[in-house]
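Novice: What follows is the residue order along each chain.
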Amino acid sequence: ETGVTQSPTHLIKTRGQQVTLRCSSQSGHNTVSWYQQALGQGPQFIFQYYREEENGRGNFPPRFSGLQFPNYSSELNVNALELDDSALYLCASSLDRRNTGELFFGEGSRLTVL
Amino acid sequence: TQLLEQSPQFLSIQEGENLTVYCNSSSVFSSLQWYRQEPGEGPVLLVTVVTGGEVKKLKRLTFQFGDARKDSSLHITAAQPGDTGLYLCAGWGTGNQFYFGTGTSLTVIP
Chain A
7 ETGVTQSPTH LIKTRGQQVT LRCSSQSGHN TVSWYQQALG QGPQFIFQYY
57 REEENGRGNF PPRFSGLQFP NYSSELNVNA LELDDSALYL CASSLDRRNT
107 GELFFGEGSR LTVL
Chain B
10 TQLLEQSPQF LSIQEGENLT VYCNSSSVFS SLQWYRQEPG EGPVLLVTVV
60 TGGEVKKLKR LTFQFGDARK DSSLHITAAQ PGDTGLYLCA GWGTGNQFYF
110 GTGTSLTVIP
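Taken in sequence, the protein lines are chains A and B.
Start counting the first sequence at 7; every next residue gets the next number (our numbering).
Start counting the second sequence at 10; every next residue gets the next number (our numbering).
Treat the hints loosely; a few may be bogus.
Covered, in the sense of this in silico footprint (three residues per stretch, anywhere, with C-beta under 8 Å from a C-beta of chain B), are these stretches of chain A [stated by the list, open to error]: (1) 42 to 50; (2) 111 to 119.
Heads up, incomplete: computed chain B residues facing chain A, CB under 8 Å, no partners named [as the list claims (entries may be wrong)]: (3) 31; (4) 97; (5) 117.
Among the chain A residues that face chain B by a calculated CB cut under 10 Å, a handful are [unchecked claim]: (6) 10; (7) 13; (8) 103.
These are computed hints drawn from the structure, not numbers from a lab.
For every residue, glycine included, the Cβ atom is placed at its ideal position computed from N, Cα and C.
Turn these sequences into a full structure, and let the hints guide you.
Specialist: Given below as structure tokens:
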């Protein structure tokens, strides 16, 4: 059973550019959520996808968007990058959306915006 | 947004000491989880508590969910260097999502 994998692991962009981050969920998991984590802080919820549809969103602007594919892998797209977007972006997959469900995290994509 | 405040933010102790980390909110959560995150990795689940007043023990770690389901604590007995990491609480709240706490960075010195 493969775990959650994310790519790329590190990337550097300049302000105003666009970025796409990718996530392969754990086998059998139909729910993927994305988080933004500043250094030394807790993850902030961006949005969640369940069976290819967005079904929850945190306090992030529309330039943060996503997709989930039929194989339940997912993408996070960020347009018009700002300096404050520099962070670790974590993807987590889970079996479903239960309040007792375990989130399985990838190692994250470290984005630096210059 | 439902906020979870953790204290202390940073903790540095000697091997063998005991410690407690607190996770507090003014909101009610239907469940609460604790995760540990090591550098360069994603968080890993330690425990889930769902009932007010519930206490769970995992070896040297004891987790408690407050009676009103607004707060939680993590107690570590006889800390070891392998316990070093960022400890995160996460509550399941409105919008069917997990709200993560501000984090407690623990360093255990050999």
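Novice: Which of the listed hints are broken here?
Specialist: 3, 5 and 7
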